[in-house]
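Residue numbers (the working numbering), protein chains in the order written: chain A, 1 to 626; chain B, 1 to 359.
Think of the hints as simulated: they come from the structure by calculation, not from any bench. Don't take each hint at face value.
The calculated label-pair distances, taken between Cβ atoms and stated as ranges, are [what the hints assert, rightly or not]:
{"no.": "1", "chain 1": "B", "residue 1": "K35", "chain 2": "A", "residue 2": "N96", "range": "42 to 48 angstroms"}
{"no.": "2", "chain 1": "B", "residue 1": "I19", "chain 2": "A", "residue 2": "V22", "range": "25 to 31 angstroms"}
{"no.": "3", "chain 1": "A", "residue 1": "V233", "chain 2": "B", "residue 2": "Q175", "range": "54 to 60 angstroms"}
{"no.": "4", "chain 1": "A", "residue 1": "V22", "chain 2": "B", "residue 2": "R200", "range": "49 to 55 angstroms"}
{"no.": "5", "chain 1": "A", "residue 1": "V22", "chain 2": "B", "residue 2": "V87", "range": "37 to 43 angstroms"}
{"no.": "6", "chain 1": "B", "residue 1": "F233", "chain 2": "A", "residue 2": "R490", "range": "57 to 63 angstroms"}
{"no.": "7", "chain 1": "A", "residue 1": "V233", "chain 2": "B", "residue 2": "L191", "range": "57 to 63 angstroms"}
Derived list of chain A stretches under chain B, where covered just means 3 residues or more per stretch with a C-beta under 8 angstroms from a C-beta of chain B [said to hold, decoys possible]:
{"no.": "8", "region": "25-32"}
{"no.": "9", "region": "39-49"}
Non-contacting residues of chain A with respect to chain B, defined by C-beta distances greater than 12 angstroms in every case (computed) [stated by the list, open to error]:
{"no.": "10", "residue": "F16"}
{"no.": "11", "residue": "T18"}
{"no.": "12", "residue": "Q202"}
{"no.": "13", "residue": "H354"}
No residue lacks a Cβ here, since even glycine has one placed at the ideal position from N, Cα and C.
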Amino acid sequence: MHRIPLKNDTKEIQLFETRILVAMILGAVLITALIARLGYLEVVRHRYYATLAENNRISPIPIQPARGMILDRNGVVLAEDFPVFTLQVVPDHVPNMARLLGKLKTLIALNKRDLHDFRRRLAQHKPFQSVTLRTHLSEAEAARIAVNLTRLKGIALHARLRRDYPLGGLAVDAIGYVSRITPGEEQGSRAARYFGYRHIGQFGVERSYQKELMGRIGFKDVEMNAEGRAVKVLKRILPHAGHNLYLNIDAQMQAIGEQMLDNRPGSVVALNPRTGAVLALISSPIYDPNPFVEGIREKAYKALATNPDGPLDDRALNGLYPPGSTIKPFYAYAALQTKWFHPHKHITCPGYYHLPHSTHLFHCWKPLGMGRVDLKMAIEESCDVFFYRLAFKQGIERMARYLTYFGFGHRTGIDLPGEYRGLVPTSAWIKATKQPWYPGQTVITGIGQGPLLVTPLQLADAVAALANHGVRMRPEVVHGIVNPVTHHVRYVKPYAFPPLPRHRKNSLRVLIRDMTQVVEGPHGTARGIAYHLPYKVAGKTGTAQLWNVSPGFKGKHLRSDALFIAMAPIPNPRIAIAVIVEHAGFGALAAAPIARALMNFYLLGHVHVLPQNQAQTRVALARTHP
Amino acid sequence: MTIFERWHLDKPLMTALLILAAVSLVVLYSASGDKLGFALSDAVRLAIGFGVMVGVAQISPDTYRRWSVPLFAAGVLGLIGVLAVGVVRFGARRWIALGPMSIQPSEFMKLSVPMMLAWFFSRYSLPPRIWHIAGATLLLLVPVLLIAKEPDLGTALIVLLSGIIVLFLAGMSWQTILGVALLGLAAAPILWAHMHHYQRQRIFILFHPEADPLGAGYHAIQAMIAVGSGGIFGQGWLHSSQAHLHFLPDSTTDFAFAVFCQEFGLFGNIALLGLYLFIVYRGLRIAFAAQDSYSRLLAGSLSTLFFFDVFINMGMVAGILPVVGVPLPLLSYGGTSLIVVMAGLGVLMSIHGHRRLVN
Numbered sequence: 001m002h003r004i005p006l007k008n009d010t011k012e013i014q015l016f017e018t019r020i021l022v023a024m025i026l027g028a029v030l031i032t033a034l035i036a037r038l039g040y041l042e043v044v045r046h047r048y049y050a051t052l053a054e055n056n057r058i059s060p061i062p063i064q065p066a067r068g069m070i071l072d073r074n075g076v077v078l079a080e081d082f083p084v085f086t087l088q089v090v091p092d093h094v095p096n097m098a099r100l101l102g103k104l105k106t107l108i109a110l111n112k113r114d115l116h117d118f119r120r121r122l123a124q125h126k127p128f129q130s131v132t133l134r135t136h137l138s139e140a141e142a143a144r145i146a147v148n149l150t151r152l153k154g155i156a157l158h159a160r161l162r163r164d165y166p167l168g169g170l171a172v173d174a175i176g177y178v179s180r181i182t183p184g185e186e187q188g189s190r191a192a193r194y195f196g197y198r199h200i201g202q203f204g205v206e207r208s209y210q211k212e213l214m215g216r217i218g219f220k221d222v223e224m225n226a227e228g229r230a231v232k233v234l235k236r237i238l239p240h241a242g243h244n245l246y247l248n249i250d251a252q253m254q255a256i257g258e259q260m261l262d263n264r265p266g267s268v269v270a271l272n273p274r275t276g277a278v279l280a281l282i283s284s285p286i287y288d289p290n291p292f293v294e295g296i297r298e299k300a301y302k303a304l305a306t307n308p309d310g311p312l313d314d315r316a317l318n319g320l321y322p323p324g325s326t327i328k329p330f331y332a333y334a335a336l337q338t339k340w341f342h343p344h345k346h347i348t349c350p351g352y353y354h355l356p357h358s359t360h361l362f363h364c365w366k367p368l369g370m371g372r373v374d375l376k377m378a379i380e381e382s383c384d385v386f387f388y389r390l391a392f393k394q395g396i397e398r399m400a401r402y403l404t405y406f407g408f409g410h411r412t413g414i415d416l417p418g419e420y421r422g423l424v425p426t427s428a429w430i431k432a433t434k435q436p437w438y439p440g441q442t443v444i445t446g447i448g449q450g451p452l453l454v455t456p457l458q459l460a461d462a463v464a465a466l467a468n469h470g471v472r473m474r475p476e477v478v479h480g481i482v483n484p485v486t487h488h489v490r491y492v493k494p495y496a497f498p499p500l501p502r503h504r505k506n507s508l509r510v511l512i513r514d515m516t517q518v519v520e521g522p523h524g525t526a527r528g529i530a531y532h533l534p535y536k537v538a539g540k541t542g543t544a545q546l547w548n549v550s551p552g553f554k555g556k557h558l559r560s561d562a563l564f565i566a567m568a569p570i571p572n573p574r575i576a577i578a579v580i581v582e583h584a585g586f587g588a589l590a591a592a593p594i595a596r597a598l599m600n601f602y603l604l605g606h607v608h609v610l611p612q613n614q615a616q617t618r619v620a621l622a623r624t625h626p
Numbered sequence: 001m002t003i004f005e006r007w008h009l010d011k012p013l014m015t016a017l018l019i020l021a022a023v024s025l026v027v028l029y030s031a032s033g034d035k036l037g038f039a040l041s042d043a044v045r046l047a048i049g050f051g052v053m054v055g056v057a058q059i060s061p062d063t064y065r066r067w068s069v070p071l072f073a074a075g076v077l078g079l080i081g082v083l084a085v086g087v088v089r090f091g092a093r094r095w096i097a098l099g100p101m102s103i104q105p106s107e108f109m110k111l112s113v114p115m116m117l118a119w120f121f122s123r124y125s126l127p128p129r130i131w132h133i134a135g136a137t138l139l140l141l142v143p144v145l146l147i148a149k150e151p152d153l154g155t156a157l158i159v160l161l162s163g164i165i166v167l168f169l170a171g172m173s174w175q176t177i178l179g180v181a182l183l184g185l186a187a188a189p190i191l192w193a194h195m196h197h198y199q200r201q202r203i204f205i206l207f208h209p210e211a212d213p214l215g216a217g218y219h220a221i222q223a224m225i226a227v228g229s230g231g232i233f234g235q236g237w238l239h240s241s242q243a244h245l246h247f248l249p250d251s252t253t254d255f256a257f258a259v260f261c262q263e264f265g266l267f268g269n270i271a272l273l274g275l276y277l278f279i280v281y282r283g284l285r286i287a288f289a290a291q292d293s294y295s296r297l298l299a300g301s302l303s304t305l306f307f308f309d310v311f312i313n314m315g316m317v318a319g320i321l322p323v324v325g326v327p328l329p330l331l332s333y334g335g336t337s338l339i340v341v342m343a344g345l346g347v348l349m350s351i352h353g354h355r356r357l358v359n
């Protein structure tokens with residue numbers, strides 16, 4: 001039952017009136033505050049806001065910070081911001097355009113094209129807007145204009161920072177380059193971060209350390225008069241320059257490697273095995289990044305993009321190569337960890353190998369065979385049959401597992417963007433292909449053919465793991481990040497992956513000793529680089545047969561890729577190196593000398609040049625292989 | 001019997017509203033960049049609004065009282081429907097699509113919540129007991145939380161405010177008010193932690209609009225420039241550079257008052273504010289003259305809510321309140337919000353027009 005309450009109407013009205021009164025007092029306070037605020041804005045600050053409003057006048061103009069420099073390990077400048085001068089004309093302020101242009105012609109170079117473009121822009125702009133007459137004035141030209149500025153009415157000289165790569169294409173794949181921010185990046189999810197910036201790092205450390213390099217943008221609120229000229233800067237927030245990057249790369253060493261590759265397609269990666277520092281990261285052929293900064297012309301870009309040697313490909317990180325015989329030491333390492341394998345056990349190499357109950361023959365590179373072969377000799381002379389047998393004995397699962405320990409099939413984690421994983425035929429991968437796996441594929445994977453694909457960086461990192469007592473370090477391009485104001489240095493910490501499993505005590509020492517035979521041994525496949533070497537080198541040559549060319553690389557001629565991996569000096573390696581020269585034939589011939597030159601430079605400080613007749617050497621080495 | 005009495009309308013209120021509608025046409029013509037079509041479209045909407053108001057005024061307050069609960073229930077169902085099958089626009093689920101139209105039940109709650117609470121309190125002797133207040137608060141929190149979930153924090157706060165106004169006018173005791181205020185202060189950090197990033201940004205920007213002149217602070221700065229450049233007498237009709245050069249965003253809707261400020265200056269502001277305060281005053285007069293506690297509470301709270309609508313919008317434009325999407329009643333170009341405001345005014349008219357003349 002609903003009870004009807006007794007209502008005291010007079011009392012309720014009284015209560016209501018009190019409440020309305022309180023609400024009115026509150027409302028009066030609020031209205032007073034509002035009117036006071038409006039009065040403040042419209043009377044006290046009127047002039048200020050009127051100035052802001054009147055002519056669309058206040059515009060926040062970004063002040064570009066200087067992007068951080070990129071330097072090599074010795075302080076050689078690889079990338080810096082460089083002032084460029086632009087000459088601009090405000091037509092409204094020019095009493096006589098023809099006379100002005102006549103005067104300017106005596107001071108700076110103005111060709112027909114400049115003038116034609118200038119006239120076209122002049123027609124597009126309003127008379128009070130400044131129009132660019134010429135960009136990229138030389139310093140001498142800028143100085144001549146500056147001196148005569150008072151005689152040239154309506155002329156303005158603007159200095160602007162432009163990214164410059166003084167060494168051109170040197171280490172371009174490690175450094176990357178900056179380019180104009182595209183509309184897509186301008187509207188992306190991180191658009192706010194890049195507001196006001198004109199350039200953004202693409203590829204290389206320019207991209208992966210964009211945050212450190214970019215600094216912080218400044219703004220100035222500029223008051224413009226009716227002609228669109230800046231009258232007064234109302235407020236200025238100064239930009240903060242970006243941090244400088246010191247790389248582990250040695251520019252000289254890099255240059256030596258690039259010169260020796262001589263724009264043949266190929267790649268060299270040299271690491272410090274103890275820290276993972278990337279000493280050289282070469283992807284040949286190189287290209288000049290400077291035209292990309294302000295937007296490369298289409299024709300020039302097409303020429304680069306359609307070049308069959310693929311200069312734009314970053315081979316060190318993205319080149320997928322069959323490793324050929326250079327993979328053998330890693331299989332040998334896997335075998336050395338077992339109980340059944342002994343390094344001194346001999347097999348007989350008849351020059352071919354066949355699987356049990358099969359007639360298919362797998363040939364050794366030496367058609368007549370090598371006879372009695374133990375591990376030392378198998379590595380020294382790169383005996384295929386030895387490793388065919390080893391592969392069959394180990395099985396694909398164990399082989400793939402050990403390759404994974406060495407970092408193959410995974411990204412190395414280098415501080416550069418866009419690294420490829422490569423391919424290791426693990427059981428998971430085999431299952432995913434939904435194709436049967438035949439023992440014959442295991443056999444050819446045992447000499448680095450088959451589906452196995454590695455990047456030069458992975459190969460170098462795996463060699464570095466052997467050199468560093470079985471501890472693989474993450475490759476690092478950047479050594480330290482320096483605050484340009486406080487000079488505070490933030491070092492990139494070396495990062496060690498879990499050590500390789502080692503079940504036999506001397507296995508690594510034995511393997512490295514056998515690898516030194518590749519260079520020192522009487523039959524070593526790379527004995528051509530051994531003479532006069534004051535330090536010991538352990539290495540392995542490789543020749544990867546190409547039966548299909550990866551789609552990214554437009555091979556001209558289907559010759560084998562030459563590979564060479566090395567570490568020096570033994571017993572305490574300070575450099576680990578992987579060299580790949582595409583379509584160059586035998587690894588010892590094309591790749592090993594490059595490794596030797598780089599190791600010489602790094603360990604001795606100078607490059608030995610072959611004293612022998614080049615042709616003779618070539619003949620002498622022609623019989624050797626992988 | 002005059003025509004106003006026959007149609008249950010209040011003459012002074014009607015006059016003020018018509019003046020305001022004329023001002024709206026004048027301002028929006030300028031704010032839209034001198035587009036006659038836009039002003040015509042505004043005229044059509046205003047006409048519909050006035051039609052709704054007159055229609056609403058014909059129904060007696062007794063009917064509203066009887067329909068308070070079903071209307072409230074329908075509104076809450078609508079809000080649940082929005083969360084279930086609503087249309088997402090501008091990142092929030094606030095609309096229900098009905099054929100070619102789409103409606104916002106949250107706007108409707110601005111009217112339904114005061115009606116519901118007025119009905120609730122009119123059943124008891126006032127001042128209300130503490131459990132009545134607790135019951136009313138529960139009733140209030142249902143739609144508020146549903147709206148906040150959409151998310152539409154601005155409307156949720158307005159609906160909350162409308163409920164609080166009824167609670168206050170019903171005679172909630174001062175101790176309770178103080179306690180709730182302290183509780184609110186204590187809950188503020190929790191609320192802050194649950195806010196969206198853009199909502200926090202808006203509050204932060206209120207204190208430092210210069211920190212992000214092209215991003216979150218842009219609205220506030222451009223509005224203040226428009227207000228400040230108006231000066232004492234304004235720059236004259238059709239001379240709002242902020243609107244004509246497209247510096248001021250939403251110049252026809254939430255920031256129409258900024259255009260008005262730039263064109264008519266401080267004098268114009270005071271006149272406009274006077275007009276609005278007159279409407280509020282008439283509303284309160286109607287509340288005083290109301291003959292039962294339901295009508296009294298409803299008229300009082302609708303008038304007060306109208307005042308807050310005006311104050312929040314003007315305060316936002318003047319930069320003393322954060323940027324929330326509350327349009328200026330009648331002046332801003334609006335759809336649902338205009339209809340709801342006009343319906344509210346219609347209820348006021350109805351309360352005025354259906355009084356039984358005793359003397």
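Quick check for students: does the CB of T18(A) sit more than 12 angstroms from each CB in chain B? 8 angstroms, violated
Taking 25 to 31 angstroms as the hint, is the beta-carbon distance of I19(B) and V22(A) inside that range? 29 angstroms, holds
Quick check on a hinted range of 49 to 55 angstroms for V22(A) and R200(B), using CB atoms only. 32 angstroms, violated
For F16(A), which was marked as not at the interface, is the minimum beta-carbon distance to chain B over 12 angstroms? 6 angstroms, violated
At a Cβ distance under 8 angstroms, does chain B reach at least three residues of the region 39-49 of chain A? That given contact holds, which follows from 8 residues of the region 39-49 of chain A lying within Cβ reach (below 8 angstroms) of chain B.
Please check whether the region 25-32 of chain A has three or more residues whose CB lies within less than 8 angstroms of a CB on chain B. holds (count 3)
Could one say that the CB atoms of F233(B) and R490(A) fall in the range 57 to 63 angstroms? Since the Cβ atoms of F233(B) and R490(A) sit about 59 angstroms apart, the hinted range of 57 to 63 angstroms holds.
Quick one: work out the minimum CB distance from Q202(A) to chain B and report holds if it exceeds 12 angstroms, violated otherwise. 25 angstroms, holds
Does H354(A) clear chain B by more than 12 angstroms, comparing its Cβ with all Cβ atoms of that chain? Given a closest Cβ separation of 68 angstroms, the condition holds.
Using the C-beta atoms of V233(A) and L191(B), is the stated range 57 to 63 angstroms upheld? 41 angstroms Cβ-Cβ, so the 57 to 63 angstroms window is violated.
Pairwise beta carbon distance, V22(A) to V87(B), judged against the given window 37 to 43 angstroms: 42 angstroms, holds
Given a hinted range of 42 to 48 angstroms, is it respected by the beta-carbon distance of K35(B) and N96(A)? Hint holds: Cβ distance 44 angstroms, inside 42 to 48 angstroms.
Checked against the numbered hints listed earlier, the structure breaks hints 4, 7, 10 and 11; every other hint is satisfied.
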